[in-house]
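All chains should be built: construct the whole structure from the sequences, respecting the hints.
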Amino acid sequence: MDLYMLVVVDFGSQYTHLIARRIRQLQVFSQIVPSSVDPVTIEDARAVILSGGPSSVYAEHAPINERLLDWLYENHIPTLGICYGLHLLAHHFGGTVTRGEFREYGISEAQITHDPLFKGLDSHQRVWMSHGDVVQELPPGFEPIASTKTCRYAGFRHDRIYALQWHPEVHHTEGGMTMLSNFLDSAGVERDWIMDDFISKSVQRLRQAIPGKAIIGLSGGVDSSVAAALVGQAIGKNLIAIFVDHGLLRQGETDHVRQFFEGKIKLKVIPAKERFFSKLKGVRDPEQKRKIIGEEFIRIFEEEARTVGADTLIQGTIYPDKIESGVTHNADVIKSHHNVGALPETMEFSQIIEPLEDLYKDEVRQVGTQMGIPQEILDKHPFPGPGLAVRVMGEVTDETISICQQACAIVEDELQSARLYTSVWQGFAVVFEDRVVGVVGDERRLGRVVGIRIVQSLDAMTANFVKLDWDVLEKMSTRITNEISDVVSVVYFISHKPPQTIEPF
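Counting from 1 along the sequence shown, just add 355 to a position and that's the residue number in my numbering.
Note that these hints are calculated values from the structure, not bench results.
From the three backbone atoms N, C-alpha and C, an ideal C-beta is built for every residue, glycine too.
Fair warning: there could be bad hints in the mix.
Have a look at the derived ranges for each label pair, beta carbon to beta carbon [to be verified]:
id, residue 1, residue 2, range
1, Arg454, Gly475, 32 to 38 Å
2, Asp552, Ser633, 44 to 50 Å
3, Val663, Asp610, 34 to 40 Å
4, Pro859, Gly496, 50 to 56 Å
5, Val395, Glu829, 54 to 60 Å
6, Pro566, Ser757, 40 to 46 Å
7, Pro566, Leu813, 25 to 31 Å
8, Pro499, Gly475, 57 to 63 Å
Structure, rendered in structure tokens:
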């Protein structure tokens, strides 16, 4: 699509995705690229932000990318360096960066000048710092625009290059969004990232891209539902939705899908539990489960495509899926998503189209709202593509999947009862393989352990465990051990992401 684009260069900051999302909130399309990016691949960018990061610019093997920095300078590309990005600019263009006498972590008070970057802000600003290095000397031709008591050069500029020691993207920096907005204004970037426009342009592009029939794997979740609505608006009855009932779904999911989608789009339900369970027999590794399930999905889609004469596959992949699957250049693979990293090497489809591949989850929900998708679907918590196979440790069996279905249903039910379901990102249960000793009816019994995971997040790239009210947690635990006969112990995950992923297995 013809959009004004801002590029965020990722130097390893935990806030990189937050930067990208903040820019999108200001109605400018943003994409993340690795620190090793070749400038040739981003030559259409109207502005660039250099993220923070954990490295020191003077350390051996620190990510620098001198070619990128020279390209930004020589071509007068509007640039904003944040934290490590500030150090990078100072170091590369002849300044001095050293370990600071004092480290700044948390809220600081910055004194700012009347620079256009700070238009509309008071001269004293509460900002969020997270650094140990400082700029001791500015590069020739650069001028200071901000300082704190312990950081003489907390902000500087030269031509169209800006740098800030603090993090304007975090909400603790009170004027942060104003600073980012002013940067976009100074860069002359048009605010054209609007969901109404995204829908109309996507529909137009999809009509041109899909010459005949297409199929989509419909799960009943947010992403595939929105993708189906978008493509359905573009090609109408030429879209066939395939719902694969592999026996690894939420309780009642098949009935919900029939209820919401039959009569609205061409829907075909494929009973495939025996097929998937047979393929998964004896498989214990969760990554291998993902690969097997991803391939089996594709084979079913190919069979159905041959039947209806479709050669295009639609998938509900979203931006965080691509990041976690290591699709973006040299990113590490965290987990293979069944519709990204777990795809088989050979497929019969002439093309795979992912209409939501550049969207974050909140943007997907915005598109869904605009398209009139029921709120009950849009409010659903994220659900793993491989289903409950990756929420049970060890081999997939009828017993473990049944326990997981019941436990997940109880967690969601209690979140609904406590009116917390829509205020948390995700809540579910997992089943461990090991058994522990319990006491049931005065008898010693070895029973199952169920783990509860409830997190809050903005984009799934980072997450915090929810400090759930003890009464709610106790209700979940009591119901799980009372209603699921083989479970004698319930645990609660109290780790953030990172280091733990949201889905434990």
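Tested hints:
no.	hint	in the structure
1	Arg454 to Gly475: 32 to 38 Å	holds, 35 Å
2	Asp552 to Ser633: 44 to 50 Å	holds, 47 Å
3	Val663 to Asp610: 34 to 40 Å	violated, 24 Å
4	Pro859 to Gly496: 50 to 56 Å	holds, 52 Å
5	Val395 to Glu829: 54 to 60 Å	holds, 58 Å
6	Pro566 to Ser757: 40 to 46 Å	holds, 44 Å
7	Pro566 to Leu813: 25 to 31 Å	violated, 38 Å
8	Pro499 to Gly475: 57 to 63 Å	violated, 20 Å
When each numbered hint is compared with the structure, violations occur for hints 3, 7, 8.
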